Every structure is written in structure tokens, then in C-alpha cells.
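A.B. asks: Please build the complex by placing chain B on the supplied structure of chain A, with the hints as guidance.
Protein chains in written order, with this note's numbering: chain A, 1 to 326; chain B, 1001 to 1331.
Careful, some of the hints might be misleading.
Distance condition first, Cα-Cα at most 20 Å in a straight line; then the derived DMTMM-like pairs of lysine to aspartate or glutamate [stated by the list, open to error]:
id	chain 1	residue 1	chain 2	residue 2
1	A	K24	B	D1140
2	B	K1168	A	D56
3	A	K160	B	D1324
4	B	K1135	A	D22
5	B	K1109	A	D166
6	B	K1275	B	D1258
7	B	K1135	A	D56
8	B	K1135	A	E48
9	A	K24	B	D1139
10	A	K160	A	E272
11	B	K1135	A	D23
12	B	K1263	B	D1210
13	B	K1135	A	E13
Anything over 12 Å on all C-beta distances counts as not near chain B; from chain A, calculated [what the hints assert, rightly or not]:
id	residue
14	S60
15	N97
16	Y104
17	L176
18	S252
19	D283
20	T304
21	R322
Covered, in the sense of this in silico footprint (three residues per stretch, anywhere, with C-beta under 8 Å from a C-beta of chain A), are these stretches of chain B [what the hints assert, rightly or not]:
id	stretch
22	1024-1032
23	1108-1114
24	1313-1321
Read the hints as simulated data drawn from the structure, not as lab findings.
Bear in mind that the values here come from a model prediction, so they are computed numbers and not experimental data.
Backbone N, C-alpha and C fix where the C-beta goes; we use that ideal spot for every residue, glycine too.
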Amino acid sequence: MSKKITVSKAIGEALHEEMVRDDKVFIMGEDMAVMGNVFAITRGFLEEFGPNRVIDTPISEEGFCGMAVGAAMRGMRPVVELMYDDFATVAADPLLNQAAKMRYMSGGQATVPMVLRAPMGAGRRNAGQHSQSLENFFCHFPGLKVIAPCTAKDAKGMLKSAIRDDDPVIVLEHKLLYAKKEEIPEEEYLIPLGQADVKREGKDLTIITWSREVNFSLEAAQTLAAEGIDVEVLDLRSLVPLDWDAIVKSVSKTHNVIIVSEEVKRGSYAGEISAQIAEELFDELDAPVERVCGLNIVPPFSPTLEDENFPHPDTIVKAVKRVLNK
Amino acid sequence: MANKKYSKEQLTDFYRTMVRIRTFEEKAAECFTKGMLAGNIHLSIGQEAAAAGAFAAIQPQDYFTSTHRGHGHAIARGMDPNLCMAELFGKKTGYCQGKGGSMHIADMKKMNHLGANGIVGAGQGISAGSALASKIMGDDAVTVGCFGDSSTNEGTFHENLNMAAAWKLPVVWFIENNCYGVSTEIHRVTNTPDLAPRAAAYDVPFAVVDGTDAVAVYEAMVKAMDHARSGKGPYVVEAKVYRYQGHYCGDPAVYRPDEYMEKALENDAIEKMGKRLMDLGVKAEELEAIRKAADDEMNAAVQFAVDSEYPDPSEAVTDVYSSDNERCVAR
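Here chain A stands alone, though its shape is the one from the complex (with noise of 0.2 Å):
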């Protein structure tokens, strides 16, 4: 059996379904108790779960996201919410230095089972200090675990299993997805994390890509198997762990790759990835790996500007044909 939900839907689901079977979990962030959430996502909450595991916070990002991993230490599991990602400079004391590198600092000793939900991304006309993707800066930090999912389902089967990992996950999630009706399963399940996607099967080139993009991607694959040209679109779905079997099985398979995100190209997670390819599937490739991504600026607001920074399916149809000489 399946149902038609929105991707915020799917999240306060797998929020409200992980505080009733595990009672040490707990809701922090801004606006996330009375009001609900500014998505929704929590809405009902408070009046059900009380005011101990579903907390409104002040605007202190470094002080909620440090009570966090205090919390967290202490065996809790807290889900903290950022109200953007970009908000995470301010608290990147407590996410980069403090969760990322307790348990290895202490020689193994610490656990810290944090979740922190960071939504992110460009389109809405943010401007420059709400509109990111900052992947690349999360995925540097060795000791935290990075997911970007795009679809309802995975986006609350992947939020279950952040929940229950023992280690901080930051879970990217694209503002524009929230709004999305898409199908689920009715009955309770998990996807773990580190487990890519083929969301759409094909033999001609691989298009490697997460969160927003992978809509944009198989809408540029559809336009280009009317043109002949058979794309496969591997949602990494999650960027630590890594799902690098899948990679090696796909790009072994097209040889030919472009990797799709929204970040600043410069120092992105789609380079790191295009030069771990380079690497070690050089032999596989018939062409060189192409990164399409946003560029290095910062992120505009006005509509002709911030289209530029991000990839549509017209760009992504342009990289494809570029990389296969076509």
C-alpha cells in the first residue's frame, strides 16, 4: 500500500514516528514548538509530545547546536533544526569541532547521536545568506555523516535511520522539495544510510547527483531520450557514507559522467567526487568528467540572476551532449 504525501509531510512523519518509539529523542530549533515549524513539519507537536521534547529556541545557533551535542553525549538523540543551512557559520563551533570530532578525540569513548536538519538550497529568492549548498563544507569534516534526499520516500526513510545512527548526520534537505506530493509507503520502513539510487536506468552516460537536482536530471534525461540519448540518474542520496560501488557499477557501465549540484563549482562536493573518479575509473571514462554545479559567486537575488546560479534541465541537457560530443 502507498499514499500520496508532501516531502515535509514525510519528514514530520518520520520525526513523529521515531518520538514515539524512542523517547529519548527530542526536537530543538527555532520556531519549531508553538508555531510548528515555518514548514509545518512539526506541527501538533508540542500539544503531544510537551514542552521537554519539543523545544523553541532562542535565536542562538551556536549555544541550541552545543546544548545539542551535550544533550546527545548524555545518550539523548536530539534532531535540531537550523532554519538554514547557511546559519551553520554561525554555529560551527559546536557542529564542526565539537560533534564531529568527540568520539575520536576521546579514543572512542563519546557517542554522538545528533541529528541536525539544515534546509538548504537555491530558487525561492533568498539572496545571498539563504539561498546555499554548503555539501562541501559539511562533507570536509571526518566524524559527521552528510544526506541529501530528494524524494518523500527517501526523505523520511533516510531521516529514520539518521535518527537512529550513532553519529551526528547532517541532513540536507532542499527548501523546494517541501511542497512536493509524491507516493510513499503505508507501512513503516527504513533506508539506510550510504545506499545510492538509480533513479532512472540507462547506458549512455551517468549523471551523478542529490537533493533538487535529481528532479532536474531526470527532466533533462527524458528530454534527451527524445534525442536518442539513454542517461542513467544515480541519486547519491546520501554524500558520507558514500556509495562508491554504485558509482564504480554505473560509470563501468556509460563510461561518461557529469556530476550535477548546486553548490559553488569551486571546492564543491561534485569536485571531490569528479577527482576520486578521475583517480581510480580513468580506464572506464571515454570522455572527461564534467561538474555542473552553481557558480563561484555569491547567491543573487533577483530572478535573472539567482536562474544563473544553479543547474535547470537546459543546462544539464547542454553538459550531457557537451561530454558525449553530440
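C.D. replies: Just chain B, lined up with the frame of chain A:
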């Protein structure tokens, strides 16, 4: 200070703890100078009464965070000097298996230690978060965040004290004010003579005590712990201490006026407690025996560290993640 309600035994315990801390650190400094161990060694010589007094008030079920200058907290809490010293040496037998070093010594499993931290102010969030966990779970533990004067100028001091106060969290913040952030004298960069009164901005009670008097620190901390444990929310204690050494082992502290050390030595916590004990009839030989026992104990700790193995290089890639470690570290 002449407080009759404390027995000879209680005061002797303070004396012993302080002597053990100082001896541990003197041995560590000696090993560092001889090149036997590397890295950043931040000594708390001169601050022993603060650690001894505070930790006497902290109960076994309580939690605490510590700092880069945290050896004293570890010893006062009852951690094993052998495993502490081995950690300073980067040996496999150390508390963190050599992965943390001096700045990160912690016994998380047995001592409810939430980590010694190399980032000034980081323990403020962690201690408040631990207190939040206690509140949610309904246990009766109090979490003590130990930090230095300079951390009161971090944003986290204000963010976390504000939240802890708003939510009545069972947390006590223990500030050891040695007046120096590396080379910068606190009053050159801070407008108030004391630091704890900042708590008043959040309607949090506070105390400022002589950190060279273990009994005074103990009494202030007992009051603070009772306050936090009874559900009334956070409490801040500031202990005025002296840092005899530079910021780290090898820093000659040329930036510091001579008067600082003159005053420090006039107020030496161990000397003062020794005199007090002798006034109560304790013999010089008994104090000497305590010092000798500490010397033997810490010599043995050094020997234990020297004799221990370094971690195998292959262990560089373990313990980064709890699950799926190999794959997460591989790429």
C-alpha cells in the same frame, strides 16, 4: 578561613588533592622540557585549590566539562594519573588511547567526564546540553561546566546561560579566573572587575570566591550545586586564582608584571593549607609524607607512560565514526 567545622581529615584531603595535582603537573612539565612528550601542555599550577574545592562538592552522579587546562580537574575527580600521563605521552594506554592528548583527557564512562575541550567556551554549550538531558530524563545529576576567565567573553557564555536560566537547567558554571587569556590581562579587554556578576543579567545567582582557599571554593560550590539540584536553575561561581606558569609549558610569560607572581606566591594554596593543618596539630612529617606519596605516585605515572606502547599507526583511522567507520573514512 579559620573554619572550625572542618575536620583535620577533610582539610588533609584538600591538601593531598592539591599536592597530587601540582606534582602531576610538575612531572609533566619536566617530561615536556626533556623532550619526552610533545604538544601543548597547559599547566594549572597555582589553581589547585579551585579544582580540589570544586570537585569535593561534585557528587559521583554529576557530570562535568573541562578545558585545555584540565589536568587538575581530572586528578581532583579521581581519575587515574597513570592513564592521564599516558595520554599526555600519546600512548595507547592513555584515557583517549593517545588520540586526544593533554587538551582532551577524559574518562567518559566511569567519571561522567564530558570532555576536556580545546575550544574556549565550548563546554558552556555541552554542559548546558547535559543539564537539558537531565531535565528531560528527570535524573538528579547536576552538570558542572569548568572554564577560564576568557571564556566569559565568548558568545556561548551568554547564549547558553540565557537558555539555561530560561529553562531552569541544573547546571553550575565554575570559572577559574587566573586573569590571563594567553598573554592578555583580562581587565585590558573586559570592563568589570569580576566576571561572575554577568550572571545577574540573566537573573542567575553567582558568587565570587578566593580560589586559593579550597574551603571557600568548596562552600561556594556546595551552595551552587544545591541550588541547581533543587530545580532552581543555573548558578555561576568565580574563583580567583593564579596561573604560575605561562599559557603553556615553555611560555616564559614575559608579558606579566612581577607583582602578579609575588602576590601569587604570598597566596599559595598549598602553603596556606599546610600552615592551617599545622595550626590544627598536624605534624610537618605528616605533610612531608603526603608530598612524598604524591611524588612516588606521579613518578610511577611517568614510568607507566614511558613503558606504554604508542598506538599502532593503523589506529589513526579508527574511532572516527561509531558505525560504517571504514567506509566513511575511506573516501
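A.B. asks: It remains to establish, for every hint, whether it holds in the given structure.
C.D. replies: Here is what the structure says about each hint:
Note on A:K24 and B:D1140: the hinted pairing holds, with a Cα-Cα distance of about 17 Å set against a maximum of 20 Å. In summary, the hint linking B:K1168 to A:D56 is supported, as the alpha carbons are separated by about 15 Å, within the 20 Å threshold. Note on A:K160 and B:D1324: the hinted pairing holds, with a Cα-Cα distance of about 17 Å set against a maximum of 20 Å. Proposed proximity of B:K1135 and A:D22 is supported: the alpha carbons are some 17 Å apart, at most 20 Å.
With a C-alpha separation of about 16 Å, the suggested pairing of B:K1109 with A:D166 holds against the 20 Å cut-off. Simply put, B:K1275 and B:D1258 have alpha-carbon atoms about 25 Å apart, too far for the 20 Å limit, and the pair is violated. The suggested pairing of B:K1135 with A:D56 holds, with an alpha-carbon distance near 15 Å, which does not exceed 20 Å. For the hint pairing B:K1135 with A:E48, the CA-to-CA distance comes to about 18 Å; that is within 20 Å, so the pair holds.
Between A:K24 and B:D1139 the CA atoms are separated by roughly 13 Å; this keeps the pair inside 20 Å, and the hint holds. Straight-line distance between C-alpha atoms of A:K160 and A:E272 comes to about 27 Å, which puts the hinted pair past the 20 Å bound. About 13 Å separates the Cα atoms of B:K1135 and A:D23, which keeps this hinted pair within 20 Å; it holds. With a CA separation close to 13 Å, the supplied pair B:K1263 and B:D1210 stays within the 20 Å bound.
Simply put, B:K1135 and A:E13 have alpha-carbon atoms about 26 Å apart, too far for the 20 Å limit, and the pair is violated. For A:S60, the shortest C-beta to C-beta distance to chain B comes to about 4 Å, within the 12 Å cut-off, and the non-interface label is violated. Its beta-carbon lying about 5 Å from the closest one in chain B, A:N97 breaks the requirement of being farther than 12 Å from that chain. Residue placement check: A:Y104 does not keep its beta carbon more than 12 Å from all beta carbons of chain B (closest about 5 Å).
With a cut of 12 Å on Cβ distances, A:L176 stays outside the contact zone with chain B, its closest approach being about 29 Å. Here A:S252 stays apart from chain B, with its beta-carbon at least about 17 Å from theirs, past the 12 Å limit. Residue-level check passed: A:D283 sits 18 Å from the nearest beta carbon of chain B, beyond 12 Å. The beta carbon of A:T304 is kept farther than 12 Å from every beta carbon of chain B, the shortest such distance being approximately 38 Å.
The claim that A:R322 is not at the interface with chain B holds, since no C-beta of that chain comes within 12 Å of its own (minimum 27 Å). Counting residues of the stretch 1024-1032 of chain B whose CB falls under 8 Å from any CB of chain A gives 0; the rule of at least 3 is not met. A stretch counts as covered by a chain when three or more of its residues have a beta carbon under 8 Å from one of that chain; for the stretch 1108-1114 of chain B and chain A the count is 3, and the coverage holds. Coverage of the stretch 1313-1321 of chain B by chain A holds in this model, with 4 residues showing a Cβ closer than 8 Å to a Cβ of that chain against a need of three.
In summary, the structure is inconsistent with hints 6, 10, 13, 14, 15, 16, 22 from the numbered list given earlier, while agreeing with the others.
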